[in-house]
Amino acid sequence: MRRQPIPYQQECSKTNALQLSAEEAEYFKREGYIVKPGLIQAADEFKRVIEYVWDAVPEGVMCRGDPSTWIDEPHKRWPVNLAQTLGILQHTGWKMRSPHRYGRETFILEVSANHRCVRALVEQFLGNCVAPSERVRGIYLVLPKSPSVEAKLGPHVDHSAAQLSAMVLIDDIPPRTGGFTVWPRSHVRLHRFWASRLGAHFNHQTKHEFDSEFKAILHDTDPVEFVGEAGDVVFWHPRLIHSAGVNYSAETNDPRIRYVIPCDFQKSGYTFYDDDDLGPGTKQQWWVDTRHFREDPAPSLTNMWDDWVI
Numbered sequence: 031m032r033r034q035p036i037p038y039q040q041e042c043s044k045t046n047a048l049q050l051s052a053e054e055a056e057y058f059k060r061e062g063y064i065v066k067p068g069l070i071q072a073a074d075e076f077k078r079v080i081e082y083v084w085d086a087v088p089e090g091v092m093c094r095g096d097p098s099t100w101i102d103e104p105h106k107r108w109p110v111n112l113a114q115t116l117g118i119l120q121h122t123g124w125k126m127r128s129p130h131r132y133g134r135e136t137f138i139l140e141v142s143a144n145h146r147c148v149r150a151l152v153e154q155f156l157g158n159c160v161a162p163s164e165r166v167r168g169i170y171l172v173l174p175k176s177p178s179v180e181a182k183l184g185p186h187v188d189h190s191a192a193q194l195s196a197m198v199l200i201d202d203i204p205p206r207t208g209g210f211t212v213w214p215r216s217h218v219r220l221h222r223f224w225a226s227r228l229g230a231h232f233n234h235q236t237k238h239e240f241d242s243e244f245k246a247i248l249h250d251t252d253p254v255e256f257v258g259e260a261g262d263v264v265f266w267h268p269r270l271i272h273s274a275g276v277n278y279s280a281e282t283n284d285p286r287i288r289y290v291i292p293c294d295f296q297k298s299g300y301t302f303y304d305d306d307d308l309g310p311g312t313k314q315q316w317w318v319d320t321r322h323f324r325e326d327p328a329p330s331l332t333n334m335w336d337d338w339v340i
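Here the sequence shown is numbered in my numbering, starting from 31 and rising by one per residue.
Below 25 Å or equal to it, Euclidean Cα-Cα: the simulated DSS-like pairs (lysine-lysine) are:
| no. | residue 1 | residue 2 |
| --- | --- | --- |
| 1 | Lys297 | Lys313 |
| 2 | Lys77 | Lys175 |
| 3 | Lys245 | Lys182 |
| 4 | Lys125 | Lys313 |
| 5 | Lys182 | Lys125 |
| 6 | Lys125 | Lys106 |
| 7 | Lys297 | Lys59 |
| 8 | Lys125 | Lys77 |
| 9 | Lys245 | Lys59 |
| 10 | Lys175 | Lys106 |
| 11 | Lys237 | Lys59 |
| 12 | Lys59 | Lys44 |
| 13 | Lys106 | Lys182 |
| 14 | Lys125 | Lys175 |
Label-pair restraints from in silico Cβ distances:
| no. | residue 1 | residue 2 | range |
| --- | --- | --- | --- |
| 15 | Asn46 | Thr236 | 38 to 44 Å |
| 16 | Ser178 | Glu153 | 44 to 50 Å |
| 17 | Ala73 | Ser43 | 23 to 29 Å |
| 18 | Asp304 | Gln40 | 35 to 41 Å |
| 19 | Ser226 | Val339 | 17 to 23 Å |
No lab work stands behind these hints: they were computed from the structure.
Cβ coordinates follow ideal geometry from the N, Cα and C atoms, glycine included.
Kindly produce the complete structure, drawing on both the sequences and the hints.
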């Protein structure tokens, strides 16, 4: 039986938001994530992003001022022809993204992947050879589920070839409102089963073992659901098992939508290429700003943190 998520609680000692302490670095390596509360101070800009989201909602799908329209299966009213230009609303999850617009806006990048405080932390993880981001994945929403509908987490791993990922909270996220959820330490336990240290492909000779370990993690590990305030940033290892949270807020008197901006980072200077089978690339996972590279070695017991500076 899968374990229920535990709301995140700060475990590392409080430090300067712009500093990655030795304690935080070790915690990240062990658990696979750290949270930097209040890293981005941009309240007005975050409000603009949320206004931008609502300006893009197709007519007749949802009304910002009427939470009942968020809950009464709006995905059934979503125009199918907008999948490539606006993203897809699947049940309660809307990933607002497109190849050439949503996720590439300068004002979105400036309050997320390219914000100076985010870049300062990224450099303390990976060094100063990380190129400015050209895009984020988009703006990811989790709507409240109807109280009459069952919902569960969707634990998975990404095939993104990123070295470091981040979730930027652009609105407050109380417990049980769809917060990003991870299974701590799963990045270490699954490391040896991949075909390369950072790439998207499995080692097919050990795929059965990967699946067994994946199931074991879901059975023996308490997932952590990230709660917090606008401006908090979750830095996480891309190999963590993770999921969007379940938004139960319709069961309260305060239904609300969860908004985050997912970001990906990697060092420059490698021989990058598009992966046409799994992505990232122009054909698959075009929403990810990282790429595979030829120099990526097979995983070993000692090379997980090669090329990092922590």
